[in-house]
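A.B. asks: Read off the chains here:
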Amino acid sequence: MTPLLEVRGLTVRYERQTAVDDVSFIINDGDYAAVVGENGSGKSTLVKSLVGLIPPAAGEIIMHGTEKSEIGYLPQSTIVQKDFPASVTEVVMTGCLGRGQRFWPFYTKEQKRTAADTMELLGVTPFAKKSFRELSGGQQQRVLLARALCATKKLLILDEPASVLDPVVTHELYGILHRLNEERGITVLMVSHDIHCALEQAKTILHMGQNLLYCGSAEEYHHTELYRRMTGSCGDMPHSHTHHNVHHVAQAHSDMQAHSDAHSHTAAQEHTDHHTDGEAAT
Amino acid sequence: MTAMFEQLEILFSYVFIQRALVVGILVSLCAALLGINLVLRRFSMIGDGLSHVGFGALALAAVLGLAPLAVAIPVVIVAAFFMLWLNERGHMQGDAAIAILSSSALAIGVLITACTTGMNTDLNSYMFGSVLAISEGDMVLSIVVSVVVLLLYAFCYHPLFSVTFDENFARATGTRANLYNLLLSLLTALTVVTGMRLMGTLLISPLIIFPALTAMRVCKSYRGVVICSMVTSVFCFVSGLVLSFLFSLPTGATIVVVNLACFLVFSAAGALRKN
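Chains A and B are the protein sequences, given in the same order. Here this note's numbering is used: the first residue of the first sequence is 1, the next is one more, and so on. Here this note's numbering is used: the first residue of the second sequence is 1, the next is one more, and so on.
Hint data in this document are derived by calculation from the structure and do not stem from the laboratory. Check the hints yourself; a few may be wrong.
[To be verified] FRET-style restraints, in silico, Cβ to Cβ:
1) Gly137(B) <-> Ile61(A): 49 to 55 Å
2) Ser163(A) <-> Leu264(B): 34 to 40 Å
3) Glu172(A) <-> Leu260(B): 43 to 49 Å
[What the hints assert, rightly or not] With a cut-off of at most 20 Å between alpha-carbon atoms, the simulated EDC-like pairs for lysine to aspartate or glutamate come out as follows:
4) Lys68(A) <-> Glu167(B)
5) Lys220(B) <-> Asp83(A)
6) Lys154(A) <-> Glu110(A)
[Claimed, not checked] From the structure, some residues in chain A lie toward chain B, with a derived Cβ separation under 7 Å:
7) Val51
8) Leu97
9) Pro105
10) Ser131
11) Ala151
Using N, Cα and C, we set each Cβ at its ideal position, and we do this for glycine too.
For reference, chain A alone in the conformation it holds in the complex:
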């Protein structure tokens, strides 16, 4: 297992508040990691900082064997795109911009081939000529995933990819991500508000609450107090994010502080162990 993304003592301030506080972890090549936590726990801020949208106040983000600009990023959906006239191909092609001449009005053959292959892989080709704004939510996410995939060979970072999708389409999207991870060896780092889906999908869980409260295998996460709190307060209603949870987070935060400090240090080690186990099993 080789490390791909290494984060050391990362602190990020957003709107004059510390949203991410002294977070360290390592994501290995081929991993599938889910960042979970309550609303406002710094999940999105962490990811935005990883892809270079918010500069860190302290700490380091180190990429091993790939450039930061080669991260495939799937942002949360924005309002602008809702009525944007652009064909699916045009949208996917923007993912290839990093692969060639920027200051040139034409794409190269290689860029076009990359886009075509990626669209084929994600089943986007049938609506390649359609307008992006006419697609369903699930199709749009698939197109944006294709764009992200064009931009990377190794690492996909997704910010709440399923937040606007219905359950069936969500399932389909997770299926695609699973395939990319297993068959193509693409490392996935995903922010998710749905703890159950995250646990079902991911090999590694990062639980954020300003600090990193947990970093380790998904299996072990089941046995933590954090897991019981997350599912205890919203287990029956996976989509409710009401503010009554905030109280629990604050408690969890202080309760788990000591545990997480101990845990973070050994996380990378455990992490590796877990993967070796996983490989032996398969």
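Chain A is fixed; fit chain B onto it per the hints.
C.D. replies: The following block gives chain B in isolation, referenced to the frame of chain A:
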């Protein structure tokens, strides 16, 4: 019918009309292209604000006895960067800040003109444009500026699209979004100043906004919008100019009304296609 063609022949034989055509077609092309990005990024107000700042700058140039465009171009460029900054920082609400800036510049411009030359035809031609206002020097400068705008736009076509569609993704994959934002405001400033003499302070911003909106009614792809808005922009300009001559109407206003008609027709076509 033949009488009409004769009239057109006379029209195009005038040197000032030829100049207006050359400058107008080039400015229409630039405005149509930039308008797409401005409209889609919710920056439409910047074009309007810049033209008012441009008016203030022209009035100032007249008082100081300097070449109008030599003063207006740098002033409007600075204003464009300032508006972009206001929009991003959000110290004040971006649109409110732009409204304050533009109306203040307009008011100061009116005061300067009134104090020095009185409310005369000069002011009127600044406000509503004039095909007579373009000197040969203006035309040469306009051609240079327009060609620069068109070339820069063509070479940055893809990154500009990427930044417009999804700034966060563009930045994450290494596109320097801030640079392209600056470029967009720079090009807009140049286009507004160049087109201002012809269209008038009050009527230049429709030239930026209308073609993009019109094209978006029917086109499904970005490239389609780009081509369609360039074509409609030039078509509306030329037919507006001709109509204004044939019926002795003010040129700028006629061009805007033709643009409006075009927009309505395309809207209807778009609605029909959906049903």
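A.B. asks: Now look at each hint and say whether the structure bears it out.
C.D. replies: Tested hints:
no., hint, verdict
1, Gly137(B) <-> Ile61(A): 49 to 55 Å, "holds (54 Å)"
2, Ser163(A) <-> Leu264(B): 34 to 40 Å, "holds (38 Å)"
3, Glu172(A) <-> Leu260(B): 43 to 49 Å, "holds (45 Å)"
4, Lys68(A) <-> Glu167(B), "holds (16 Å)"
5, Lys220(B) <-> Asp83(A), "holds (10 Å)"
6, Lys154(A) <-> Glu110(A), "holds (18 Å)"
7, Val51, "holds (4 Å)"
8, Leu97, "holds (6 Å)"
9, Pro105, "holds (5 Å)"
10, Ser131, "holds (4 Å)"
11, Ala151, "holds (5 Å)"
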